[in-house]
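Listed here are the chains, written in short residue letters.
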Amino acid sequence: MQQPDSAELGRLIEAVGLNRDRAAFARLFQHFAPRLKTYLMRAGAAPSAAEDFAQEAMLTVWRKASLFDPRRAGASTWVFTIARNLRIDALRREKLDSREPDITELPDDPLTPDAILSGADDTIRVGSALSALSDDQARLIKLSYFHEKAHAEIARELGIPLGTVKSRLRLAVIKLRSLLSETQ
Amino acid sequence: MTSIVHIPAEETLLAYAAGTLRAPEAAVVAAHLALCPESDRFVAELQALGGALLGSLPPTALAADSLGRMMARIDADGGEAGAELPMNDMADLPEPLRRYPLGPWRWLGPGTRVRTVGVPKDGDCRVLMFSIGPGRRMPQHTHDGVEMTLVLEGSYRDESGHFGPGDFEEADTATDHQPVVDSDIPCLCLVALDGQIRLSGLVGRMIQPFVRL
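So the sequence lines, in the order shown, correspond to chains A and B.
For the first sequence, this note's numbering gives the first residue as 1, with consecutive numbering after it.
For the second sequence, this note's numbering gives the first residue as 185, with consecutive numbering after it.
Because the hints were derived from the structure by calculation, they are not lab data.
Take the hints with a grain of salt, since some may be wrong.
[What the hints assert, rightly or not] So the derived list for chain B, only partly shown, Cβ under 8 Å to chain A, looks like this: (1) V189; (2) I191; (3) A193; (4) L198; (5) A202; (6) A207; (7) Q231; (8) A232; (9) G235; (10) G239; (11) P242; (12) L246; (13) A248; (14) G252; (15) R257; (16) A260.
[Stated by the list, open to error] To give a feel for the contact side, a few chain A residues facing chain B, derived at Cβ under 8 Å: (17) R22; (18) F29; (19) T38; (20) G127; (21) Y145.
A virtual CB, placed ideally from N, CA and C, is assigned to each residue, including glycine.
Please model the complete structure; the sequences and the hints are all you need to start from.
Below is the structure:
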């Protein structure tokens, strides 16, 4: 089956919200659940815990679909914030991040043009700002979405103090912010 | 309301958007976002970046029965979210704080009161709300790790500057600050705190063994 684009994903969420459309939900599940599982595994969770997390996040999508407003956020962004909120609880309950992440398994995937273009306008803008950063800066920022302790790993890998990694991350986010404000 | 001067560091907003802050810290940042459109806009963009990253992740195969299990769950669920907690008794709080249960106000010293905010704790890190009278100092406390403060009403001053409604201050173990309330109304603030509060004065030392906050 072809990957649904952002507009299509948004319509599917609206169909769930308006009509409790089970077929639309199944398609959303097939798109998002395997990616949510990857997201949690890269944050250090075991596969079974990551699978449970994906189910919990999708149950929240089912329950809250009527609150989705495509003018405020794209479909992926909305699902991401649901997963993010669940993750804050999950980190506390199960200490998902107690496992040391293996930095060689952490993402280095470029944000592909497809991924950027499949997003809503805000995603395109943010994606192009990210691509205007240096490779190191973009990598640091992307790592931050998966694991805060990744900073310690980067420090070890590069042989630089943790404080240096933190100050580089700080510079990277500040640069990202100024790039974003230029394109507003 | 005066304009907000002190906002969280960019990397703190990134950690919030990414979901790597601890729950008590995230609650204080979320309350700040409700008061500060500038921070809120930046976080919305960082969330959009999170959405783009999520969309670009390679899928991991699910367990064979995963979709069937999911569909059974939503059928059993009936589509209703669990009952929401009732609103608490402080109608002027920013919306993200309204549904946290609040503990009773407890006396900490002259003009100084504290109540717990029912955000799930993370280790020793929890959320407290302080009300501190004009001219009074914040109670001393041990600093273990990062402390985040959001002013809700009134204002205080410390060596980093003047903090009014919506302002956010982050202090780490190296900071030894002693804010003094400089508004003519009590300063109400929300704090995500790791360390223990040390009560000062004779009475404070006498009741200290009974105060577990």
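Taking the hints in turn, this is what the structure says about them:
no., hint, in the structure
1, V189, "17 Å, violated"
2, I191, "11 Å, violated"
3, A193, "7 Å, holds"
4, L198, "5 Å, holds"
5, A202, "4 Å, holds"
6, A207, "5 Å, holds"
7, Q231, "5 Å, holds"
8, A232, "4 Å, holds"
9, G235, "3 Å, holds"
10, G239, "4 Å, holds"
11, P242, "6 Å, holds"
12, L246, "6 Å, holds"
13, A248, "11 Å, violated"
14, G252, "10 Å, violated"
15, R257, "6 Å, holds"
16, A260, "10 Å, violated"
17, R22, "7 Å, holds"
18, F29, "6 Å, holds"
19, T38, "4 Å, holds"
20, G127, "5 Å, holds"
21, Y145, "4 Å, holds"
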